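Undergrad: Sequence:
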Amino acid sequence: MRNKFKKKNTIILSALKLFSKKGFYNTTISEISKNMGVSVGNIYNYFPSKNSLAKASITFVAKKLATNLRYINNQNISSQEKVYMFVISYLNFLKEHPEMIDYFFRVYLSNREVFCKEEDCGFQLAKDFIDEIEILIDTGTENGEFKKQNFYVGFSCITGILGGITFLNGEKVLEDDLNIYARDLSTAICKALS
Numbered sequence: 001m002r003n004k005f006k007k008k009n010t011i012i013l014s015a016l017k018l019f020s021k022k023g024f025y026n027t028t029i030s031e032i033s034k035n036m037g038v039s040v041g042n043i044y045n046y047f048p049s050k051n052s053l054a055k056a057s058i059t060f061v062a063k064k065l066a067t068n069l070r071y072i073n074n075q076n077i078s079s080q081e082k083v084y085m086f087v088i089s090y091l092n093f094l095k096e097h098p099e100m101i102d103y104f105f106r107v108y109l110s111n112r113e114v115f116c117k118e119e120d121c122g123f124q125l126a127k128d129f130i131d132e133i134e135i136l137i138d139t140g141t142e143n144g145e146f147k148k149q150n151f152y153v154g155f156s157c158i159t160g161i162l163g164g165i166t167f168l169n170g171e172k173v174l175e176d177d178l179n180i181y182a183r184d185l186s187t188a189i190c191k192a193l194s
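Read left to right, the sequence shown gives residues 1 to 194 (the UniProt record's numbering).
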């Protein structure tokens, strides 16, 4: 069972690299299998279609981001410090796994038709991460650090700023050490939420 889980994750990681590099439509299952050194059939044993692999990839990335944010949400610190810690965590994740973040922001958001066959347009795929952002915002609102606002507006304040920095990083216009932007990014997010 553990080997099956590990194999599935290996396929997802390989797909993420190719999806983020070549785009969803320009990547084939054959290329993913070749990149991994396994047969196409082996991949289809785990994922019945490229779309199902794309959806599993979103859930995989969302769970990674959610795990990091959940740890931060459980800290006994101010919500503004939580935002700062999350930004640091996100920037480190972006440096270590650019293909995951590129996929999350560039592929997922620009190929909505792949995910919009679902009633919620794939929103459910990123549920773990979205829930953790909601906890962060709600906690800040409850303790008076953030103003009460529509969740989707608050969510957009966070992901819009992080998506922008992700784009700039992908375009290679930022300094190599992304952490130099952490304080300014977290301040911008907190101001947007306040």
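Hints are supplied without guarantee of correctness; some may be wrong.
[As the list claims (entries may be wrong)] Calculated cross-link-like contacts (lysine-lysine; reagent style DSS-like; alpha-carbon spacing at most 25 Å):
1) K4 to K34
2) K34 to K21
3) K21 to K7
4) K6 to K172
Hints listed in this document are in silico derivations from the structure and should not be mistaken for laboratory results. Just so we're clear, the structure is a prediction, and the values are computed from it rather than from any experiment.
Undergrad: Decide, hint by hint, whether the structure agrees.
TA: Okay, the hints, checked on the actual structure:
The hinted pair formed by K4 and K34 meets the criterion: a straight-line CA distance of about 19 Å does not exceed 25 Å. A hinted pair counts as satisfied when its Cα atoms are at most 25 Å apart, and K34 with K21 qualifies at roughly 15 Å. Taking the CA atoms of K21 and K7, the gap is near 21 Å; set against the 25 Å cutoff, the hint holds. Only pairs whose Cα atoms come within 25 Å are accepted, and K6 paired with K172 is rejected, the gap being roughly 32 Å.
Of the numbered hints given earlier, the model fails hint 4 alone.
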